[in-house]
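J.: Chains as they are written, first to last, in the numbering used here: chain A, 1 to 36; chain B, 37 to 256.
These are calculated hints, taken from the structure and not from any lab test.
Just to be clear, a hint being listed does not mean it is correct.
[As the list claims (entries may be wrong)] Simulated restraints on C-beta separations: (1) B/Phe-235 with A/Glu-34: 21 to 29 Å; (2) A/Ile-28 with B/Phe-235: 30 to 38 Å; (3) B/Asn-102 with A/Gln-6: 46 to 54 Å.
[As the list claims (entries may be wrong)] Simulated coverage check for chain A against chain B, where a stretch passes if three residues somewhere in it have a Cβ under 8 Å from a Cβ of chain B: (4) 2-11; (5) 14-26.
[As the list claims (entries may be wrong)] Covered stretches of chain B (in silico footprint by chain A; criterion: 3 or more residues with CB under 8 Å from a CB of chain A, positions within the stretch not fixed): (6) 152-161; (7) 166-180.
In this text, a Cβ means the ideal position worked out from N, Cα and C, and glycines have one as well.
One letter stands for each residue in the lines below.
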Amino acid sequence: MNSEWQTVLICAMVVLLGMVAYLVYLNIRLNKVEKK
Amino acid sequence: MPYIIGTFIFTIMSGVLCGAIWFTPPAKVLGETARVIYFHVPVAWISALAFSMSLWQSVQYLRTNNPEHDIRAEVSARLGLWFCVLATITGAVFAKAAWNMYWNWDPREVSITILLLVYMAYFGLRSAVSDPETRMRLAAVYDILASFAMPFLFFVVPRIYSSLHPDTVINSRGSNKILDHRMLLVFFAALIGFTLTYFWIYVLSIRVERLVRAREESDE
Numbered sequence: 001m002n003s004e005w006q007t008v009l010i011c012a013m014v015v016l017l018g019m020v021a022y023l024v025y026l027n028i029r030l031n032k033v034e035k036k
Numbered sequence: 037m038p039y040i041i042g043t044f045i046f047t048i049m050s051g052v053l054c055g056a057i058w059f060t061p062p063a064k065v066l067g068e069t070a071r072v073i074y075f076h077v078p079v080a081w082i083s084a085l086a087f088s089m090s091l092w093q094s095v096q097y098l099r100t101n102n103p104e105h106d107i108r109a110e111v112s113a114r115l116g117l118w119f120c121v122l123a124t125i126t127g128a129v130f131a132k133a134a135w136n137m138y139w140n141w142d143p144r145e146v147s148i149t150i151l152l153l154v155y156m157a158y159f160g161l162r163s164a165v166s167d168p169e170t171r172m173r174l175a176a177v178y179d180i181l182a183s184f185a186m187p188f189l190f191f192v193v194p195r196i197y198s199s200l201h202p203d204t205v206i207n208s209r210g211s212n213k214i215l216d217h218r219m220l221l222v223f224f225a226a227l228i229g230f231t232l233t234y235f236w237i238y239v240l241s242i243r244v245e246r247l248v249r250a251r252e253e254s255d256e
């Protein structure tokens, strides 16, 4: 795999994992509230 | 109904991912690296949309004094900040491929850094004021001021100073000659898919924030 494709795949992963990370953050926030 | 919407968004996003990798041809100037626009541009667009939504909700809060609008403004600003961070990271990865440096203080990079700092200060302000009524009012006023800076930093500054940022790939004086019809199809599908994803996460975030505030109020 050349460096151009690596750049594209890294960007795609950053964006998709970034959105997943935000959903995980929401879930953690929700669990904290429910535990209180 | 939520499952139908979720399935629809998942289908569009999967289609965008597959289309960006297999369906679209490489660009004339940037080659395979140009495929970054199917992720970087929609994320930057969502950031601008979220900040605009936050502005609208802050105005609504000042008009009505309804805390629901403050919740929506905060949630949207948080999402805007998060998507702005993602746009900055993907931009830096692209910069490494195109200019051989992750960060070179290009006007676009400087303006997005200032924008990040402006909205970080919004959350700093929110956490610094303990009285809820004062916090909501101050945050709404600050958010409106920050939102006026947003289009200036997003769209005006990078066009005043000469920038390496490849705007002309998409909007070279209104023509789309560099993007062929397959690239445009995936690009606009990405914009729609990311916009729907933003609204989906926005609604989820509002529900969570309502619960958090209700619990905080009951604790007090």
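J.: With reference to the structure, classify each hint as holding or not holding.
T.: Quick rundown of the hints versus the structure:
1. B/Phe-235 with A/Glu-34: 21 to 29 Å: 25 Å, holds
2. A/Ile-28 with B/Phe-235: 30 to 38 Å: 22 Å Cβ-Cβ, so the 30 to 38 Å window is violated.
3. B/Asn-102 with A/Gln-6: 46 to 54 Å: At 48 Å between Cβs, range holds.
4. 2-11: Three-residue rule met by the stretch 2-11 of chain A, so holds; n is 8.
5. 14-26: holds (count 8)
6. 152-161: With 0 residues closer than 8 Å to chain A, the stretch 152-161 of chain B misses the three-residue bar; violated.
7. 166-180: violated (count 0)
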